[in-house]
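Same order as they appear, the protein sequences are chains E and C. Residues in the first sequence are numbered consecutively from 16, following this note's numbering. Residues in the second sequence are numbered consecutively from 10, following this note's numbering.
Derived from the structure by calculation, the hints contain no laboratory data. Heads up, the beta-carbon is just placed ideally off N, CA and C, and yes, glycines get one too. Among the clues, some could well be false.
Partial selection, computed: residues in chain C whose CB lies under 10 Å from chain E [what the hints assert, rightly or not]:
hint	residue
1	Arg66
2	Phe69
3	Pro71
4	Ser95
5	Leu99
6	Gln110
Computed footprint of chain E on chain C; a stretch qualifies when at least three of its residues, placed anywhere within it, have a C-beta under 8 Å from a C-beta of chain E [what the hints assert, rightly or not]:
hint	segment
7	48-54
8	111-121
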Amino acid sequence: GQQVMQIPQYQHVQEGEDFTTYCNSSTTLSNIQWYKQRPGGHPVFLIQLVKSGEVKKQKRLTFQFGEAKKNSSLHITATQTTDVGTYFCLSGNTGKLIFGQGTTLQVKP
Amino acid sequence: ETGVTQSPTHLIKTRGQQVTLRCSSQSGHNTVSWYQQALGQGPQFIFQYYREEENGRGNFPPRFSGLQFPNYSSELNVNALELDDSALYLCASTWPTTDTQYFGPGTRLTVL
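All chains, please: the whole structure from these sequences, using the hints.
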């Protein structure tokens, strides 16, 4: 069945450094979504990518969907302490949704 | 705020017992999904309901069951609780024709 691998599992960065998390699928994805979960909180929707090669930006966050629609990345430029949390990708079709394992970001001030 | 609420916030049960968790969807959302999130893990898809019918299911045994009501609120029922069922249970509602998940705050279930 469909699997989504997300790496790295953890990343510790100094405030101001960049951060990237990657999701890779064994099968072609119809779309991919990204969520952020703060410690003790619930996942919050960030963005959805649908088109092959799509790139979307939200302030310091850049989201990419691979040309083959089998991988995606989230890049944060110049991290801030408010970026702390776990970032998840979500893929799948209606009725069968799969989260990546998540990348937990720690930012040292 | 997503407008999705869950109750109770926390719950402690013993092995073998049964539990019912509740979710109230955001107005207009006709699809609800339930997830189990163990500590330090990503949410695992349990099942999804659309217009009161089960619309898909993850790799969870039949003792995990659900209901969706005409007002689109829903329940997750777990029978014969096991220690490994201890987790955060999240529900998420969705607008028609989209996949964006609007999550509730979750119910923390502890099985002793």
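Evaluation of the provided hints:
1. Arg66: Holds, because the Cβ-Cβ distance from C:Arg66 to chain E comes to roughly 8 Å (cut-off 10 Å).
2. Phe69: Hint violated; C:Phe69 Cβ to chain E Cβ min 12 Å, cut 10 Å.
3. Pro71: violated (17 Å)
4. Ser95: Result: violated, 16 Å to nearest chain E Cβ.
5. Leu99: holds (6 Å)
6. Gln110: holds (6 Å)
7. 48-54: holds (count 5)
8. 111-121: holds (count 5)
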